[in-house]
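Visitor: So the chains spell out like this:
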Amino acid sequence: MADEITLEVARYRPGVDAEPVMQQYQVPLREHWAILDGLTYIKDQLDGTLSFRWSCRMGICGSCGMTVNGEPQLSCATFLTDYAPGPIRVEPLRNFPVIRDLVVDIDDFMTKLPTVKPWVIRDVDEPVEAGEYLQTPEELDDYKQFSMCINCMLCYSACPVYSLDQDFIGPAAIALAQRYNLDSRDEGAEERRAVLTSPEGIWACTFVGECSAACPKGVDPAGAIQRYKLTAATQSIKELLMPRIKR
Amino acid sequence: MSTYHDVVVIGGGGAGLRAAIAVAETNPALRVAVISKVYPMRSHTVSAEGGAAAVAGPDDSLDEHAYDTVSGGDWLCDQDAVEAFVAEAPRELLRLEHWGCPWSRQENGRIAVRAFGGMKKMRTWFAADRTGFHLLHTLFQTSLSYSDIVRYDEWYVTKILVDDGRAYGVVAIELATGRVETITANAVIVCTGGCGRVFPFTTNANIKTGDGMALAYRAGAALKDMEFVQYHPTGLPFTGILITEAARAEGGWLLNKDGYRYLQDYDLGTPTPEPVLRNMELGPRDRLSQAFVHEVEKGRTLDTPYGPVVNLDLRHLGAQLIDAKLPFVRELCSKYQNIDPVRELVPVRPVVHYMMGGIHTDIRGATSLDGLYAAGEVACVSINGANRLGSNSLPECLVFGNRAGRAATVFAGRYHRGVPASILAQGRDEEQRLAAELRRHADTLRRHAGETERIADIRTEMQTTMENGAGIYRDGDSLTKAAHRLAELQLRFQRAAIEDHSANFNTELIAWLELGFMLDVAESIIACAVRREESRGAHQRTDFPARDDERFLAHSLVRRQPDGTSRVTYLPVTLTRWPPGERVYGR
Amino acid sequence: MSVYQRPVKLFWWLEKRSYVIFVLRELSSVFIAWFVVFLLLLVNAIGDGAASYQTFVDWSGQWWVVAINVIAFLFVLLHTVTWFALAPRAMVIKMRGTRVPAQGVVAAHYLAWFVLSAVVAWVVLR
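Chains as they are written, first to last, in our numbering: chain A, 49 to 295; chain B, 4 to 590; chain C, 377 to 502.
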C-alpha cells in the first residue's frame with residue numbers, strides 16, 4: 049500500500065471565488081482512515097482554512113455529507129483505502145447552495161420539515177400518568193425503517209427532481225411524514241395529506257430511486273413516497289366513489 | 004447588534020430541547036430561544052446507544068433505583084437529587100413515548116426493559132441500541148410543533164454576560180456569516196454537554212469541548228466535581244467509537260488475551276454463562292475500566308497499533324439476538340473494525356465517555372449565578388456522584404432539562420427586568436474583542452510566518468497531558484506535572500495563530516475558541532483532582548488508594564478568582580436515607 | 377451572504393449510469409403511448425370495414441412500421457419488467473400479521489399479467 053493519497057478538495061471563499069476551485073492535498077494513506085480523517089489531517093496539519101462539518105464520526109449525526117468522486121457520501125463512513133490509489137475528489141453536497149468550501153446551506157430542508165408535521169398528532173392526548181400507548185413489535189416494525197433517517201441530506205443530493213425543482217419537498221421530509229403516518233399511535237395522516245399531495249409533494253417524484261440508493265441508513269425514502277402515492281390515490285378514488293364515507 | 008428573548012438555552016441536545024419545551028409549556032407567553040453551534044439533530048445525544056433507566060415494573064421500586072445510583076456513585080451523589088431524579092424519570096420517559104419515541108416493546112405492546120451495569124433490577128428502557136438517536140429526533144421533531152421556540156442554528160456562544168451576579172444573556176457568532184450578536188435574556192440555561200475532547204481517546208463527538216462549563220466558569224459560576232471523568236470500558240481502539248454497555252447487558256463477556264473472563268479477579272463476582280445483575284461484566288464502569296489497567300500491568304492484554312485492548316465476546320449471543328437488540332453494534336464493528344461480532348471477537352479498551360462533574364447546580368437546575376441554569380451532562384447536580392451508572396444520563400437530560408426549564412421560566416417571569424446598560428456594553432466589548440482577535444492572528448502570521456504553532460498541536464498535547472496526568476489512575480506527581488504543562492500550554496495558546504481570518508463559516512476560529520475553553524476545563528479538572536486526596540469512584544489516586552469519608556464526603560467546588568487562578572472549596576454531600584457504605588458488586 | 381449555486385447542465389442525466397437508465401425508462405412511456413395510439417388506429421380501421429382494415433394491415437407491414445413496433449415492444453417489456461420490480465416498494469401487503477415478501481408481490485403481478493393475456497388471447501383467437 050502506498051504511503052500517501054491525493055485529495056482534490058473543492059474550495060470556495062464567498063466574495064473571493066466566483067465558483068469552487070479544486071485544491072490538492074497529500075494525506076497519509078492509513079488503513080482505518082475515513083475520508084473525514086484525511087480532511088481533519090489537512091485542517092490540523094496542512095491548511096487550517098479548510099471548512100467542513102463533522103461531529104460524531106460514526107455515521108449517526110448526519111453532519112458530514114459530501115460528494116466523493118461524484119457520489120453523495122458520509123465522509124466519516126467511507127474510507128481512503130476504498131479509493132486507493134486515488135486521487136479522491138471531495139466536493140460539497142450537490143443540489144444545495146455552497147456557503148463555503150464543503151459546507152452547504154440546508155435551511156431549505158429545515159424549513160420544509162415542519163410543514164409535514166413530523167410529530168405525533170392525536171385527537172385525544174392521553175395523560176402521561178395513564179402509561180404508555182400500547183404498540184406491539186409488529187406495529188413498531190411498520191414504521192421503524194422510516195424512523196432511521198439521520199437528516200444527512202444525501203438523498204436530496206442524489207435526487208435529480210430536487211436538482212431541477214428546488215420546491216420539491218424531498219425524500220427525507222416525505223419519509224419522515226410517513227414515519228408518523230404509519231405509527232400506530234399517530235392519528236394525523238389527514239393533517240399531513242394536503243402538503244404531501246400538493247404538486248411539490250409526492251407527485252413531483254418520478255421514482256428515480258437514487259435517494260434510496262444513496263441513503264446510508266437504509267430508510268428507503270423512495271419506497272415511502274411510492275407507498276404514499278398508492279395510499280393517496282386509493283383514498284382519492286374512495287372519496288370519489290363513496291363521498292359520504294370519509295376515512 | 005442585540006436582540007432579546009425571555010429565556011435563552013445554549014445547546015440543542017436532549018437537555019436543551021427538553022428545557023425549551025418546558026419553557027414553552029410552562030409559560031407560552033415567554034419567548035424562548037435555543038442557540039446551538041450545530042443543528043440540533045447533530046447534538047451528541049444522538050450517539051447514545053444503550054438505553055434510559057426508569058422504574059418500570061411492579062418488582063422494582065424507586066428506592067432500589069436510588070440505591071443503585073447512590074452506591075454506583077460511591078456515595079458522592081446528593082441523595083435528595085437522586086430521589087427526585089428516580090421519581091421523575093419514569094414520567095419523562097413516558098412523555099417521550101407519548102411524543103412518539105419508538106421504545107422497544109414486549110409482545111403485549113408494553114415498554115420493554117433490559118439489564119444495565121450496576122443496576123440490581125432490569126429497568127433500562129431502550130430503542131434497539133440507538134436510544135439516543137431516537138430520543139433526540141423525537142425531541143427535535145416534537146419541538147418543531149412549538150411555534151414559541153426560536154432557534155439559532157449554527158451560532159457559537161463566546162460569552163455569558165453577567166452583571167452584579169446575575170446572567171443577562173450571551174454573545175454569539177453566526178457561523179455562516181461571521182456576524183457577532185448580543186442576545187439578551189432574563190434567564191439563561193446552559194445545556195452544552197460534556198468535554199470528552201479534552202482527552203485523546205473518547206467516545207465523544209468533535210463538538211464535545213466543554214464550552215458551557217468554561218463559559219459558566221469564566222462568568223463566575225462554580226464548577227463541581229470536575230475530577231470525576233468516566234471511562235467507558237468498551238470503546239473501539241482507533242476511533243474510540245462507543246460499543247454500548249447493552250452488549251454486556253445482553254450477555255457479552257470481556258476476555259483478556261488468554262480468553263479468560265478477567266473481571267472475576269477484581270471482586271466483581273464469579274463468571275456465569277448468563278448475565279447476572281451487578282455482577283462481572285454488569286459491574287459499574289469505573290471498576291471495569293480500572294480492571295483493564297491492572298490487566299495491562301500484568302501483561303494480559305493484546306497489543307495493537309492503537310494500544311492495548313481486551314476482547315468483547317458476543318459470539319454466543321447469536322445473530323438473531325444481535326440483529327434484534329444490538330443492530331447498531333453489529334453495523335459499527337463491521338464498518339469501523341471490519342469485524343462481524345456474530346462470528347469474531349471485538350477489540351475494545353476504556354475510553355473517556357462522560358463527565359460526572361460540571362456546572363454546580365441545585366436540584367432545580369439553578370447555578371451559583373442568578374438567572375443562570377444548567378442541565379444535562381454540562382451540569383453537576385449531583386446525581387451521578389463519583390461514577391455514573393449507564394442509562395442514567397438520558398433520563399438526567401430529560402428530568403433536569405425539564406426542571407431547569409421550569410425554574411428558569413419562573414425566574415424570568417418573576418424577576419423580569421430590563422437588561423442593564425452594562426450588559427449591552429459588555430456585549431459590544433466582546434464583539435470588538437473577537438474582531439481584534441482575528442486581526443491579531445492575521446498580524447502574527449504575517450510577522451512570524453513559519454514560526455507560529457498550530458492549534459491542533461497544542462490540542463494534541465493537552466489531550467496527551469490529560470491522559471497521562473489524569474487518566475484512570477492518578478497520583479499527586481502526575482497531576483502536578485499536568486498542571487504545569489497546562490499552564491505552559493495556556494501561554495503557547497495565547498501566542499498561537501490560526502490561518503483562517505475570514506468571516507464565512509470560519510471553523511478554525513471556532514476550533515480556536517473551543518481550545519481556549521478546553522484548556523480552562525482541563526485546568527479545573529486537574530485543580531480538583533490534585534486536592535482530592537482519596538480514591539472514590541472514577542477518581543483513583545495511587546498515592547491515596549482508600550476512600551476517605553471523613554475528609555472527602557464532599558463535592559469539590561472550583562471557581563475562577565479575579566487574578567485568573569482557580570480556587571477549590573468543599574461542599575458536603577447531601578445524605579438523606581443511605582449512609583455511606585461499601586460498594587458491593589458480584590456478591 | 378453570497379453563496380454558490382452549481383448550475384444544472386442540459387445533459388445532467390448523462391453524468392451517471394443510473395440517471396441514464398432512469399431517463400431511458402421514462403422515455404419508454406413514449407413508446408407505451410405509441411402502442412395505445414396504434415391500438416386505437418387498429419380498432420378504428422376495423423370499425424370502418426374490411427377494406428379499411430386491409431389497408432391498415434398493409435400499412436403496418438411496411439418495414440419502418442414494423443421496426444418502430446419492434447422497438448416499441450422492447451421498451452414496453454423494459455417498462456413492464458422495471459415497473460413490476462419496483463411494485464413491492466409501493467405495495468406493502470400484510471397477510472396474517474406478516475409482510476408479504478417482495479418476490480410474492482412481483483410474482484402476483486406476473487401472474488395477473490399472464491392471466492389477463494390468456495383471457496385476451498382466448499377472446500381474439502377463438
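These are computed hints drawn from the structure, not numbers from a lab.
Be aware that a few hints might be false.
[What the hints assert, rightly or not] No more than 30 Å apart at the CA atoms, straight line, and that leaves these computed lysine-lysine pairs for DSSO-like:
#1 K160/A to K277/A
#2 K124/B to K192/A
#3 K265/A to K165/A
#4 K265/A to K470/C
#5 K192/A to K385/C
#6 K392/C to K265/A
#7 K385/C to K160/A
#8 K160/A to K392/C
#9 K392/C to K277/A
#10 K165/A to K286/A
A quick note: this is a predicted structure, and the numbers were derived from the prediction, not measured.
Visitor: With reference to the structure, classify each hint as holding or not holding.
Guide: Hint-by-hint comparison with the structure:
no. : hint             : verdict
1   : K160/A to K277/A : holds (19 Å)
2   : K124/B to K192/A : holds (28 Å)
3   : K265/A to K165/A : holds (22 Å)
4   : K265/A to K470/C : holds (24 Å)
5   : K192/A to K385/C : violated (38 Å)
6   : K392/C to K265/A : holds (22 Å)
7   : K385/C to K160/A : holds (26 Å)
8   : K160/A to K392/C : holds (28 Å)
9   : K392/C to K277/A : holds (27 Å)
10  : K165/A to K286/A : holds (24 Å)
This entry does not satisfy hint 5, going by the numbered hints stated previously; all others are met.
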